[in-house]
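Fit chains B and C to the supplied structure of chain A, relying on the hints for placement.
These are the residues of each chain, in order.
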Amino acid sequence: MAQLAAAEPLVMTQVAASRRSLAARLWSQPSGRAGLIILAVMALAGLASLAGLVPDNPDAQNPAATLHGPSAAHLFGTDQYGRDVLSRVMAGTVLSLQTALLAVVICAVLGTLGGVAAGYFGGVISSVVTSIADLLFAIPSILLALAIVSGLGAGWQNTAIAVGISYTPIFIRVVRGPVLAIRSADYVKAAQVLGFSRRRILFRHVLPGVGGILAVQVTLALGWAVLIEASLDFLGLGPPPPAATLGLMVSDGTNIAGIAWWTLAFPAIAVVLLVLGFTLTGDGLRDALDPSAANS
Amino acid sequence: MSASAEHPASGMPGSDAPVVGAAVLAAPVLAAAGLVKVYPPAGRAGQPSIALAGVSLALAEGACLGVVGESGCGKSTLARLLVGLERPTAGTVLLQGQPVTNFRRPELARRLQLVSQDPFSSLNPRLTVASALTEVLLVHRRVPGRKQAEQRVAELLDMVSLGPQFASRLPHEMSGGQAQRVAIARALAAEPQILILDEPTSALDVSVRAGIVNLLARLRSELALSYLFISHDMAVIRQLSDQIGVMYAGRFVERGPWQSVMSAPLHPYTRALLTAVPEPHPDGSLLAGADDVAHDAPDASQVQVAARARTGCPYFPRCPIRIDRCLTDDPPLEVVTGAHEASCYLAGVAVESGGVPAESGGLPGERA
Amino acid sequence: MTDRNVMSASPVLAIRDLSVGLTTRAGVTELVRSVSLDIRPGERVGLVGESGSGKSLTMLAVMGLLASPVTVTGGSAKLGDTELVGAPDRKLRAVRGSEIAMVYQDPMTSLDPLQRIGEQIAEGLRAHGTSRSEAGERTLAALAEVRLPDPHRLARAYPHELSGGMRQRVMIAAALAGNPQLLLADEPTTALDVTIQRQILSLVARIQRARNLAVLWVTHDLGVAAQFVQRLAVMYAGRMVEVGPTTAVFNAPQHPYTAALLAAVPSTTGERSALGQIPGSPPEPGSLPPGCSFASRCRQARPGCTQAEPALEERQGGVAAACFVPPAEWRP
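Listed in order, the protein sequences are those of chains A, B and C.
FYI, the numbering for the first sequence is 110 to 405, going by our numbering.
FYI, the numbering for the second sequence is -6 to 361, going by our numbering.
FYI, the numbering for the third sequence is 6 to 337, going by our numbering.
Some hints could be false.
Claimed, not checked - Reference listing, derived: stretches of chain B covered by chain A, where coverage requires no fewer than 3 residues with Cβ under 8 Å from a Cβ of chain A: (1) 72 to 86; (2) 90 to 101; (3) 110 to 117; (4) 128 to 139.
Claimed, not checked - Which residues of chain B face chain A? A few of them, derived with a C-beta cut under 10 Å, are: (5) 105; (6) 106; (7) 120; (8) 123; (9) 176; (10) 179; (11) 180; (12) 182; (13) 189.
As the list claims (entries may be wrong) - A few chain C residues that don't get close to chain B, going by computed Cβ distances all over 12 Å: (14) 46; (15) 81; (16) 99; (17) 100; (18) 146; (19) 253; (20) 266; (21) 271.
In short, the hints are calculated from the structure, not lab data.
Quick reminder that beta carbons are idealized off the backbone N, C-alpha and C, glycines included.
Bound-form chain A, shown alone (with noise of 0.2 Å):
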């Protein structure tokens, strides 16, 4: 059982090596060809507002025009203040982007450093790393965001920090294992008996074995990312009101979907297309990496 275990980080490894380009892969895939597509659109979405090719700006409110349903003016409506929800949710989603993009910075550069720590060193440092993967996992996220929240205060940083945080233990489970496959890998002892240095070996020969199943790892993450601070948000340890994050939003429409179910509705598909997208970008990228599709 161990050797299929660590025969499959081997063989994406050599996968990944074909010929036939990741992307061009990744895209035949229907379920990476969807995700990349959905991607597409959320990303599009964001960087209008940034831009601020908004229909209205998030935040004015409109006392006049309060609780309207979808209209030729306010696409998804209106919320309790008269606020264009579809602006609102554009800019939620660069906010969901964001923290999500800090979230997974933290968690893959932590992560990998101490899942390659482990992998490639063992002994005395893989236990260590191992065990403080260990401690992070037996705390649920939501008590370990809370904590980093009242000690650091609400705001979009500190939920991606207490998100990337709590993700760190997966990063360093995922990585480390490859790294400990590909470590006694017969080509590494090759480069061992060829009198390549240490460095040389870790970087040359045993990173870039890992490359594809980080990639895929990073995906998966940023999915899980957006999904864990929307629910903080909604939890109300996020930016307070009246911030424009998905999670308040979905929190806020909850509370009026009987009366108004696109304050409810809009945000909240916004949430799963954003989970939606990179969950099913970072399947395709998985199956791309797969030595049974490298073969069609």
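Below, chains B and C alone, put in the same frame as chain A:
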């Protein structure tokens, strides 16, 4: 070639005495003295496993020493120790007279290289042939720069009879034989004087195997290399070796010039091995006189593992000509005739003549 | 080594023009092309070839064990009067294990690691309608027949407790417990030490003679072929290029590929000279050259060889070969 008295369980290096009657040779290019390798027990209650129980050898410059043995004999462990991938529990490896620990790894790599069994796992699947070879050339400064590296890569490919179009290929774009040639080229890129070859042809088809064997023979004479060729295949070993050593239970049980070992084996295990090789001639020799009873410890590796845990000759349980002494005393590897050594008290006793020595003892109920 | 009586009996297995192909969107790639072979009762037939020759696929096709997209694309394989190609699953399952038994290279993947040996063999027997008590008896008898020590104790052992050689004996015991007419073996001794291989070959030969069993033995090892089988078929690029009594094929090969293969095999006796090499590599299944698939690598190739593919025809000594150039005209 030096004779070494080996006492497997003691772990003490054997003494190197000049061989009586043989020409005095230049110092061996690669030597090992009393190599012992013990692995810690698997579980808490397990026994430590002895992979090598005292191996000494001497490889003369330009010679090929063939090491043959079945599973569990320790030949792969020997390869790993010689190449420096693992350290011996006891004993030393000597490269050009100096302990191998004196050399830093890159220096070692420029003198001694390894070719393994499966080229698809020993070649980095992400590197093209050119990248892999160039890396070796540049790390060991065998060429002044990248420009010259290109030229040298083409030379190396030509040396292993591959066309220049292979430079841009990835391992999975080649056949087994081609990949193995690349692995050989990569080893040669470091310009070593010694090649350790660990079952380099075992994973290849018959016709491809022939090509690699011929290539290795040609390279040895063209580049004045010395080989330690490890295989379980007697016929392939015979093809290339000047000297053949037979390993069993972590030590050499016989060693000598290839003609003597093949035509006049002294150790009963060597004889058993030779009789068991299926000759590609339809003469019915393999099945005639074959005994299909599964012995109590029928698997070579299991026998050898068990053997190392006891005193006496490790081949005792399977030996057809054993005597009482074999149970208690472990025969040392000694010269029997000329440069031909064997570790058997009855070395050279012919079993085929139907003669079983007067005293064939053994524990009750342990008849082979 | 040939048994005159064997020649007259009707074949246990008659393979006629069997073809196997890989079906993709791009079309059908032929992997085995029109293979014909008879195996008579009490006969040991060898199927020899290098990787990609199609020898294992041929055997799998006979047993109906090919997995889509690899399928039989033509021909027949008859066990006695029963057609196996295209037969319904139900019928194939009834035949497998009872009429035909198969032994593979790696017993570890054929044996269930979580079940005791005896139970696995007995289960196979019960699946074919044997009663529980009879299955138990036949299991012990089978284990004893393969000369395993202490069959009672061994029947209670798990696969991982046994060595490779013993596991292979168990596989043979399991195969023979059902009392088959035909034993198909796909490289069963390749992963074993030579001393164990010799024991296994001797074992199978003894049992085969005792039961007048028909055996098809696939191997890439020409030594094993020479020593073990009475008739030999050589495959190359999915086709059978030579077939005949082992002695005749070895002493006077009628196909240049067979000759080249024999020249490439090292021996432990005789002159030590450079091994015969075959230039180039076997063609990829999807891109076979026109005419004879061996022509581009063949020392004896003549201009006509790339025009048409030679058919397998009777030559001398009971040997059939698929080559336009008779040995008398071969260049050295």
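message: Let me make sure I understand: some of the numbered hints might not hold for this structure. Which ones are they, in numerical order?
response: Hints 8, 19, 20, 21 contradicted; others consistent.
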